[in-house]
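For this one, chain A is given, so just place chain B on it according to the hints.
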Amino acid sequence: MTGSLPRCLIVAIALAACVASANGGDIPLDQRRSGYADLGRDTKAMQDDDTSNPATLWVLDGEALWNQKAGSANRACAECHGDATASMKGVAARYPAFDAVQKSPIDLEQRINLCRTERQNATPFAFESHELLALTAFIGRQSRGMPIVSTDEKLKPAIEAGRKLFMQRIGQIDMSCAQCHDDNWGKHLTSSLVPQGHPTGYPIYRLEWQNLGSLQRRLRNCMIGMRAEPFDYGAPEAVALEAYLMWRARGLPVETPAVRP
Amino acid sequence: MTRAVSLAAAIFTALAGGGFGLADELRPYQIAGGAIAVSLTGTPGDAARGRAIVVNRTVGLCLLCHSGPFPEERFQGNLAPDLTGSGARWSVGELRLRMVDSHKLNADTIMPAYYAVDGLNRVAPAFRGKPLLTAEQIEDVVAFLATLRGQ
Numbered sequence: 006m007t008g009s010l011p012r013c014l015i016v017a018i019a020l021a022a023c024v025a026s027a028n029g030g031d032i033p034l035d036q037r038r039s040g041y042a043d044l045g046r047d048t049k050a051m052q053d054d055d056t057s058n059p060a061t062l063w064v065l066d067g068e069a070l071w072n073q074k075a076g077s078a079n080r081a082c083a084e085c086h087g088d089a090t091a092s093m094k095g096v097a098a099r100y101p102a103f104d105a106v107q108k109s110p111i112d113l114e115q116r117i118n119l120c121r122t123e124r125q126n127a128t129p130f131a132f133e134s135h136e137l138l139a140l141t142a143f144i145g146r147q148s149r150g151m152p153i154v155s156t157d158e159k160l161k162p163a164i165e166a167g168r169k170l171f172m173q174r175i176g177q178i179d180m181s182c183a184q185c186h187d188d189n190w191g192k193h194l195t196s197s198l199v200p201q202g203h204p205t206g207y208p209i210y211r212l213e214w215q216n217l218g219s220l221q222r223r224l225r226n227c228m229i230g231m232r233a234e235p236f237d238y239g240a241p242e243a244v245a246l247e248a249y250l251m252w253r254a255r256g257l258p259v260e261t262p263a264v265r266p
Numbered sequence: 013m014t015r016a017v018s019l020a021a022a023i024f025t026a027l028a029g030g031g032f033g034l035a036d037e038l039r040p041y042q043i044a045g046g047a048i049a050v051s052l053t054g055t056p057g058d059a060a061r062g063r064a065i066v067v068n069r070t071v072g073l074c075l076l077c078h079s080g081p082f083p084e085e086r087f088q089g090n091l092a093p094d095l096t097g098s099g100a101r102w103s104v105g106e107l108r109l110r111m112v113d114s115h116k117l118n119a120d121t122i123m124p125a126y127y128a129v130d131g132l133n134r135v136a137p138a139f140r141g142k143p144l145l146t147a148e149q150i151e152d153v154v155a156f157l158a159t160l161r162g163q
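Chains as they are written, first to last, in the numbering used here: chain A, 6 to 266; chain B, 13 to 163.
A portion of the hints provided could be inaccurate.
Stated by the list, open to error - The calculated DMTMM-like cross-link candidates involving lysine to aspartate or glutamate, where the alpha carbons are at most 25 Å apart (straight line), are:
(1) B/LYS116 with A/ASP237
(2) B/LYS142 with A/ASP237
(3) A/LYS192 with B/ASP94
(4) A/LYS192 with B/GLU84
(5) A/LYS161 with A/ASP188
(6) A/LYS192 with A/ASP47
Source of the hints: derived by calculation from the structure; they are not laboratory data. Please read these numbers as outputs of a predicted model, since none were measured by experiment.
Extracted from the complex, chain A is given alone in its bound form:
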């Protein structure tokens, strides 16, 4: 009782500050732009040309892994899926997808690892391992230029959960994703242009990382910047956020593997 009194007092003497929300809300569909649009000329050129895009190394390693027998099943991805340029076309454009067995949405990395464990009887690759990034980049590359699709009704609960996470203020900085990426895109956070935050190019080669990295790694970077505790790799919250970002970017073309500053 005595414990709660001072706090009431502080609240009571605080200014009433119930200003109506000034947040802009969703970006109109025709105003959405990929982070690519704001890249410098050199970075654009690096992304556009496979021979200068550093991520090509991973794509080539991914192709090799695609054709390589693995696990105690001693089976390659290609033995089930055949020619990836045909069978994997458009796949990355619609992930995360609802998995009927898991009864939950899974992202492309998780899909690859499910094939590893269930079909190849192999150990799953670690998140951000060279192999997992390579296979994800190789599969993603097959959807380059195709529009992102997010129409599966079964994804709706995850998309809704992801939207809530996107709108929630988190961390010691106490900001939401939306406060930067819906309300302040196009402005400068110190030297960085704030992009709309579309997941069009993942995995990306990030110049700052000098490495390829997944969408989840990118999200962790933003969360760490907000001094928030990032979601674990593969956590349902992380996948929900990915599903929301894909829905939010529906119709924008896949750029995988993209280059970002």
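Same frame as chain A, now just chain B:
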């Protein structure tokens, strides 16, 4: 003024006696008339130290969002108003409230509350229960902002 101090003292006593968890590290303060009139530390801050905090991108973080009269600082942010003239626009007490908890003035602002630990979500373990700046640092920054009187 003396009433504010004694009220603050009363709250402080109650807080200390109440045995709060994390929040009891924060000094109490009183908001009145859109300002916090009394220094959190009871003494004025140091403007030179305040400037160093403001331009430090990992301590003050101010230049992530703001620009200001810092010709030596490259890449200042533009998510927030320029700090030039803040000391002419606002009284010391008004500046202190804007630093301590700007959400009291505008619930939706992106300006973080620099001296608050309650009501936050998913704070990283290393920062949990800690305000962005200490009471001493807040006073230093306020003292510096008060010097920004130019156009």
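Worksheet item: B/LYS142 and A/ASP237: Cα distance at most 25 Å?
Response: holds (23 Å)
Worksheet item: Are the Cα positions of A/LYS192 and B/GLU84 separated by 25 Å at most?
Response: holds (21 Å)
Worksheet item: Is the Cα-Cα distance between A/LYS161 and A/ASP188 25 Å or less?
Response: Holds, at roughly 24 Å.
Worksheet item: Within a Cα-Cα threshold of 25 Å, do A/LYS192 and A/ASP47 meet the stated pairing?
Response: Status holds; Cα separation ~21 Å.
Discussion item. Please verify whether B/LYS116 and A/ASP237 have alpha carbons no more than 25 Å apart.
Written reply: Roughly 33 Å separates the two Cα atoms, so the pair is violated.
Discussion item. Tell me if the straight-line CA distance from A/LYS192 to B/ASP94 falls inside 25 Å.
Written reply: OK: A/LYS192 and B/ASP94 at ~14 Å, within 25 Å.
The structure fails hint 1 only (numbered hints given earlier).
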